[in-house]
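Enquirer: Protein chains in written order, with the working numbering: chain U, 1 to 359; chain A, 1 to 359; chain D, 1 to 266.
Derived from the structure by calculation, the hints contain no laboratory data.
Since this is a predicted model, take the numbers as computed values, not measurements.
Please note that the accuracy of each hint is not assured.
To be verified - Simulated restraints on C-beta separations: (1) 49(A) to 182(U): 36 to 42 angstroms; (2) 168(A) to 276(U): 44 to 50 angstroms; (3) 42(U) to 154(D): 56 to 62 angstroms.
Unchecked claim - Only some residues are given here: those of chain A computed to face chain D with a beta carbon under 7 angstroms: (4) 130; (5) 161; (6) 165; (7) 166; (8) 168; (9) 225; (10) 271; (11) 277; (12) 279; (13) 283; (14) 298.
Ideal Cβ positions, reconstructed from N, Cα and C, are used throughout, including at glycine.
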Amino acid sequence: MKVSYFETGHYQPPRQLPARWPVAPDNYDGAAGARSYSGMVERLGLVETLGFDWVSVAEHHYSPHRLTPAPTVSAAYLAACSRRIKIAVLGPIVSQSNPVQVAENLAMLDNMMPGRLVVGLLRGVTGEYLTYGLNPQEARERTTEATELILKAWTEPQAFGWQGRHFRFRTVSVWPRPMQQPHPPTYALGASRESCALAARHQLGLGVAYGPFEVMGRAVRYYREQCAQYGWQPAPEHIIYRANILLAKTDGAAQDLLEARRGPRDSFPLPAGVRDALVQLDRRNIAGETRTPAIGGTLPINFCGGPDTIVEQIKRCRAESGAGVIDLMFQIPGAADLSFLMQSLELFGKKVLPHIRDV
Amino acid sequence: MQVSYFETARYQVPPSMPAEWPVPPVAYDPETGAQAYQGMVDRVRHVEELGFDWVSLSEHHYSPRILTPNTAVSASYIAARSKKIKIAVLGPIVSQSNPVQVAEELAMLDTLSEGRLVVGLLRGTTNEYLTFDLNPAEARERTTEAMELILKAWTEPQPFGWQGRHYQFRTVSVWPRPLQQPLPPTYSLGTSRESCEFAARHHIGLGVSFAPFPVVAKSTRYYRDECARWGWEPAPEQMLYRANILLAETDEEAEELLEKQRHGTAPFPMRAGVRDALLKLDQRNVAGEARAPNVGGVLPTSFYGGPDTVVEQIKRCREEVGVGVLDLAFQNPGAPDTGRLVHSLELFADKVLPRIRGV
Amino acid sequence: MTQAGEAFREGHVEADGFRIRYMAAGAGPPLVHLHGAGGLRLTPGHDLLSRQFRIVALEMPGFGTSSENTRTRSQAELAATMAEAVDKLGFDKFNLMGTSFGGKTALWLAAQQPDQVQALVLEAPAAIRPEGSEPPSGSPEEMARRLYAHPERVTLPPPPDPAVRAQTGRLVARLRGPDRDPDLEVLLATLAVPTLVLFGTLDRVIPPEMGRHYKTLLPNCNLVLVYDAGHAISTDRPEAFAEVVGDFVERREAFVISRNETVIHP
């Protein structure tokens, strides 16, 4: 089992922030922002020493909770501050970016840190539609086309034009090429039927997130069936499971923290009118079964307890979902409690990691 | 006088490489790619030690000659590997990017670099119209609107929408903000009347490039007049001049090397039919006087000679053009490796830099 | 829904001892089309192009219901025959488009008459194929799956007469030539005619990866991939097809320069 540490920035505002998204930039504190980035570097050093396999960054806009609207910019910085740990960009929201630009940025990263880049291509969570004015009805199609164009831009040896439905280019000729051949390990992020089919068709991995193991397992099974139709079998490392983890010294302590955590803790709370409209427009599914889009609600904790319990849960996760990589977002009791975060990481590195290597 | 070193992350081009732009990716070699970025970092650290004030990057696509299709990503990598040198992105081609994305990337970069960022906003060289299909007839308008939107995105305290001619957003609310307040040092890059007027109106600097002193002096004069109309006077450091320099031990040696260069290949040679069409379509001006665009051709060398001669040229430049920052592209004609480049840099730091500080 | 090709009118020319049928429509610069191994069939792409060009789709001798062609021995010969037909139509300079099998013919024609062909468009050309390629065959349903990205969206044409099919099958087998033709490829190196090569990303007859070879061989060539289109690009995505073909025929290599208007509101 490989383990990835999901770095989310942990911006600690000096004052209480207004709840609703988007939070006015007026509230931003430069010093706190600077500390957030230096904290990222500090945690990177720790997890690399502890032996985590990857560190991951995601793309989120207009948000004080995650200060990474441009994950390739933070990835470049982290790459320069580390030696061996892989850096997973999970992932550029390809439906609303220029796919050629995405391909270029990732190829640059791949050359800057040979052999260490991992890529996840994402459609984007529902709230992100509001960032650059992406029409929710078009998101799926745009994601599929963008993914195909990115893969082509990485692998086509000659300059080419692209007559797409949503993207059109007369000239694409990406320099540099990715160093890893045919391209960096790439995952389609999302448990939907379309994501599974796309991943199977192009021999990409699959990334699923936050759902119960068994539900994610269904998506993974669908993915494997699709892969079989295309004549190949994915290995466990082809499947990433992004999850929340609340790790404390003992099960009891973890339980207490879990209780204390209850109550609304929305990452991207939208005005009701907007949220309702989005729920109507956003079609989501898990391997074909419709599911309600998660719009800015609280995400479940998937691993909770002391070290031994976590080890058991990870083993069960592997058995039920088949994931070979877990990408962990470490929960902390309060926004300000970064020391708890560091402790959790140490605890994980020393008491969990050694027992799950062979899972 | 402040001095900036222009870094291209140059990929060592073997003689067999096809010359025409775009260069097909098939010509790429991974070893050489990795060396290009490693070389970039090495040179940045070296010039930092030697006392250069800035290192600068530019945005170019689909070519091994300048391997930085995204200045923010490469700048981020450099930021992590340097301590005090300023990092100047000169500059993102705003006419063909998502301006909000540019604002976000640069705000992150300013924070990651702990306030060492300098920004130049660019319309783009003529060949770059082909990268992402920018209509040359729209380039000027798109640049102006993009620049306004970027400045707004950095400074507007409340979330806002933007009903532009070429860009439309319902919601803009950039997090993080730049660390440097209210803005990082920002320059409008271009000799045109529109560039000068924009810079004057928005109290930002002006960047001119490559043309001989009398030509660029027209722009800086026009810019200063415009600033006066808006009721302010720019400091010398608010004007920068990017230029080619060929520094050798003696004047004679420089002359010889310059001769060699006259027969060298243009950086972005294009197919005749395309070049001819672009020449007709690309409207360029220097402070209002029309000038023919340079479509991927060889650029003049403004500073050449032994150290004494170059010092005199720099003094003359300051007098005639008025700029307080020189962004120097050190020429390396015919040399297959970077040894001579590094030698030039050391010679510059040793014999030129100390004598022009007070200029 | 109108049938593709409704506005096209039939005609005939005598050339090289053959009676050559053609379908033509539109007004404007001439665009001559050489069909694929399945014969002359008008598509929505043709209709769209007829708004910009005088498009003449020639039926090559031995295809369709014309009598069996046992004379032509090679693609080069076929190209020469078609060149004569074009001449008889009264075109001195013209634009040329070839589809699949006809793409190879068009390449030969352009190589033989470089001063007359102003722009060359190759739709999923069959001139360069992976080793061991076989032309598609089988039931109409099987053929549809091979030719179209989304066969379920296409109204299949009526199946061809078995005799016609057998006859064209023999002709194609004789003329298609090797997967790589060194004689042709030598000529391509000096073919200065601006050339556009199109491949659908879902082409299951000739892999789109073949496109890059034309880029390396031809000195003035642009490769464009048509997303979500199969081998029959002009049927699968007629608008995307017509836009790029029309622009290329009009502006040739300068078609890489955008003239899109992106003003949202004045």
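Enquirer: Determine for every hint whether it applies to the structure shown.
Expert: Evaluated hints:
1. 49(A) to 182(U): 36 to 42 angstroms: holds (39 angstroms)
2. 168(A) to 276(U): 44 to 50 angstroms: Between residue 168(A) and residue 276(U), where Cβ atoms are some 24 angstroms apart, the hint is violated.
3. 42(U) to 154(D): 56 to 62 angstroms: holds (59 angstroms)
4. 130: holds (5 angstroms)
5. 161: violated (13 angstroms)
6. 165: holds (5 angstroms)
7. 166: Status holds, d = 5 angstroms.
8. 168: holds (5 angstroms)
9. 225: Since chain D brings no Cβ nearer than about 31 angstroms to residue 225(A), farther than 7 angstroms, the hint is violated.
10. 271: This hint holds: residue 271(A) lies near chain D, its Cβ roughly 6 angstroms from the closest one there, short of 7 angstroms.
11. 277: Hint holds; residue 277(A) Cβ to chain D Cβ min 4 angstroms, cut 7 angstroms.
12. 279: Since the shortest Cβ distance to chain D is 11 angstroms, the answer is violated.
13. 283: At about 14 angstroms, which exceeds the 7 angstroms cut-off, the nearest Cβ of chain D leaves the hint on residue 283(A) violated.
14. 298: violated (22 angstroms)
When held up to the earlier numbered hints, the structure conflicts with 2, 5, 9, 12, 13, 14 and fits the remainder.
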